[in-house]
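Asks: Given next are the chains, with one letter for each unit.
2 protein chains.
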Amino acid sequence: MPRNTQHHLTPREELYGRIRRFQERLRAAGVDLALIIQNADLFYFSGTCQDAHLMIPAQGEPLMMVRKSYERALKESALDRVTQLKNLAAVRSGIEKYFKGSSRVGLEMDVLPANLFFRYKELLKPMEVVDVSEEIRKTRMIKSPYEIDRLKDSARLSTEMFSQVPSFLRVGMSEVELAGRIEQYMRERGHQGALRVRAFNQEAHMGHLMSGWTAACPSFFNGPTGGAGLNPSFPQSAGYKKIGRNEPIVVDYATVVNGYISDHTRIFSFGQVSDKLTLAHNISLEIKRFFMREAKPGSDGKDLYYSAYQMVQKAGLSEQYMGFGSGVNFVGHGTGLELDELPVIARNHHIILQPGMAFALEPKFVFPNEGAVGIEDTLVVTETGLEQLTGHDDSIQIL
Amino acid sequence: MPRNTQHHLTPREELYGRIRRFQERLRAAGVDLALIIQNADLFYFSGTCQDAHLMIPAQGEPLMMVRKSYERALKESALDRVTQLKNLAAVRSGIEKYFKGSSRVGLEMDVLPANLFFRYKELLKPMEVVDVSEEIRKTRMIKSPYEIDRLKDSARLSTEMFSQVPSFLRVGMSEVELAGRIEQYMRERGHQGALRVRAFNQEAHMGHLMSGWTAACPSFFNGPTGGAGLNPSFPQSAGYKKIGRNEPIVVDYATVVNGYISDHTRIFSFGQVSDKLTLAHNISLEIKRFFMREAKPGSDGKDLYYSAYQMVQKAGLSEQYMGFGSGVNFVGHGTGLELDELPVIARNHHIILQPGMAFALEPKFVFPNEGAVGIEDTLVVTETGLEQLTGHDDSIQIL
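Quick note, the sequences are listed as chains G and F, same order.
Start counting the first sequence at 1; every next residue gets the next number (the UniProt record's numbering).
Start counting the second sequence at 1; every next residue gets the next number (the UniProt record's numbering).
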């Protein structure tokens, strides 16, 4: 039964390819050396996310110094230079020994907590510390063929899960019962559980599951839907509401396999939903078809956003689009090792599509008291257009 | 079946009690105003964790300004002053209007990302910004009777789960299959899924599950055990290893109900484990009995740590204690809304126990190639000693 039981050690040439692309950005930004610490970034550039400091110079060989577990990092990482780190002071001596003359050091200032930042700043004095989070995020924005294969593994598990949802569903079960069943199915087939989101305070647990009115519960989460949640300490996704008839059941899960996240939404319902909801769902499908037809390398994400928005306006659904009233400003978000990668397909945001970009397109409509409809698929930009990685029938699945 | 379907709105007097205790600390630290933003802290002081800024002055009434969702924050929070926040600039005008004369403003500098910190620093100029994370953590360290009840709810679900583990277990199932079954059981009974850890990079997914040698897989995680994990991008907890006979199955789960985390470990085995492991397990039980007998308000955590360590040394198990070779330096860690709260019961760390402190005591022994044994229970300091919140037979459960 388990399909994804193989884990992938990131190949050496893959790691060095990523590092070379990042080094170009470091040189362009005038940064001598980047110090990579955060788990997702560390895994991306080294193939491991043990407790380590990865030093990537603008030019030349990187060095990874590992505190815990050194043995495991040696097994997992295909980098050539991996040494043991005894204490933080050794980070400085490592830089002085191997990267002499570095005067501007880049840190992940978008995720590094302030106190830790000041500790590194003090440690590195008189070197100047600067932010390299944009350079990292832009490097990670373009997925290699290897990464697209990993996204496909993840999307395959997600698609399999959606084919099982009708067998899990019963009228009268609670949302969280359904969530538990979905999560069990994915866990035993390779979903690693925790879902990485880069932005501060943007926590999530594997996805959002809602039915009827709970999909219109607003939430702090930066997405079109929220969900009732189980309690105010985690106010999102599945709650105790019982799933009824003739209401859209929104299954929006982020599947994480080998670190890579595919984001995927489908709607189910016991019996028909109202014509109004069906119509709105069809607009979502039209928007997806529009993207699949029109988006290609060279397209501007802003133009795509506005063309889609015109379809929404024409249908008179602006108020319901991407959240009721105060909806979010985007219709697509990058995905990879984190759920909120670049590119973002959003209002007032120029972004030229390039091959290798991967994003989740999620045109959705939210109706207070009735619920949400729409779809979400993880897509990748190819040389000629978009390729859809997540599958399953995208109409409202009537049970 | 679902037991924990009620969620608790934090009572008004509970919130203001917490705020008063925090205000004493602010005054002692010479801070005029604290700006609370992080989800766990926000939930603690306001009862909601919508996207909001909570301003707590050293003296007087707090004010919460909410960006999204304002409606939901109004329903969830029992604070008297809750207003709508349009943009970040309004935070400054809010302070100028309601907290005139504030010159030192405290931020959560242990969790606030550097870039965001500098944004607030700029916004608040010429006010001085200082770190109030220790004041927050020390306030949260002492649990109220209301919080202890919430920890008991959480511990109850955890104890129920452990009573079911024998019915989930089969020889030859993979670790992650067992994990999926345990997680499903807890999810549908109120486990909210995501587990909050305060320290940077310390991610976890509901717990650690290991069998035999995988419990000795080292990991970046700051705990006695690691686990194989499913892949190098998330190198901890359950992996694909099949559960066999005569090896300890370590079930170490953090149960989160209404935000409150109980941490709990029990060992199962198909058939006996070796005498060496049984002996080590008995030392863990002895350490727990020692704590239950000796620890009380006024005890120093450092003394307790050393007394326990002497029992370990006497048994000749220092090398296996709390991780093989390079074990962690603590035997107990605070728990509450985050898994890594104060107090820590650790080597070289003075901490005087006080009523209301809650911590997970986890004396464990790790044997390379064989696995881990030991127990973990969530305990609370009462007026007279310790009360154990998590239950279930703590011997190795032979199946």
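You may find that some hints are simply not true.
One copy or two, it doesn't matter: identical chains are merged, so the pair holds either way.
What the hints assert, rightly or not - Using 25 Å as the maximum straight-line C-alpha spacing, the simulated BS3-like pairs for lysine-lysine come out as follows:
#: 1; residue 1: K75; residue 2: K125
#: 2; residue 1: K75; residue 2: K241
#: 3; residue 1: K75; residue 2: K242
#: 4; residue 1: K125; residue 2: K241
#: 5; residue 1: K121; residue 2: K86
#: 6; residue 1: K121; residue 2: K100
#: 7; residue 1: K302; residue 2: K314
#: 8; residue 1: K276; residue 2: K125
#: 9; residue 1: K314; residue 2: K75
#: 10; residue 1: K100; residue 2: K75
#: 11; residue 1: K296; residue 2: K75
#: 12; residue 1: K125; residue 2: K296
No lab work stands behind these hints, which were simulated from the structure alone.
Asks: Hint by hint, note whether the structure agrees.
Replies: Here's how the hints hold up against the structure:
1. K75 - K125: neither (33 Å within a copy, 49 Å between copies)
2. K75 - K241: Cα proximity of K75 and K241: across copies only (18 Å, versus 46 Å in one copy).
3. K75 - K242: between (47 Å within a copy, 21 Å between copies)
4. K125 - K241: neither (56 Å within a copy, 47 Å between copies)
5. K121 - K86: within (19 Å within a copy, 34 Å between copies)
6. K121 - K100: For K121 and K100, only the intra-copy Cα distance (17 Å) is at most 25 Å; the inter-copy one is 33 Å.
7. K302 - K314: Within one copy, since 18 Å is at most 25 Å while 69 Å is not.
8. K276 - K125: Answer is neither: 62 Å inside a copy and 51 Å across each miss the 25 Å cutoff.
9. K314 - K75: Classified as neither: same-chain Cα gap 56 Å, cross-chain 35 Å, threshold 25 Å.
10. K100 - K75: neither (28 Å within a copy, 57 Å between copies)
11. K296 - K75: Classified as neither: same-chain Cα gap 39 Å, cross-chain 45 Å, threshold 25 Å.
12. K125 - K296: neither (46 Å within a copy, 45 Å between copies)
This entry does not satisfy hints 1, 4, 8, 9, 10, 11, 12, going by the numbered hints stated previously.
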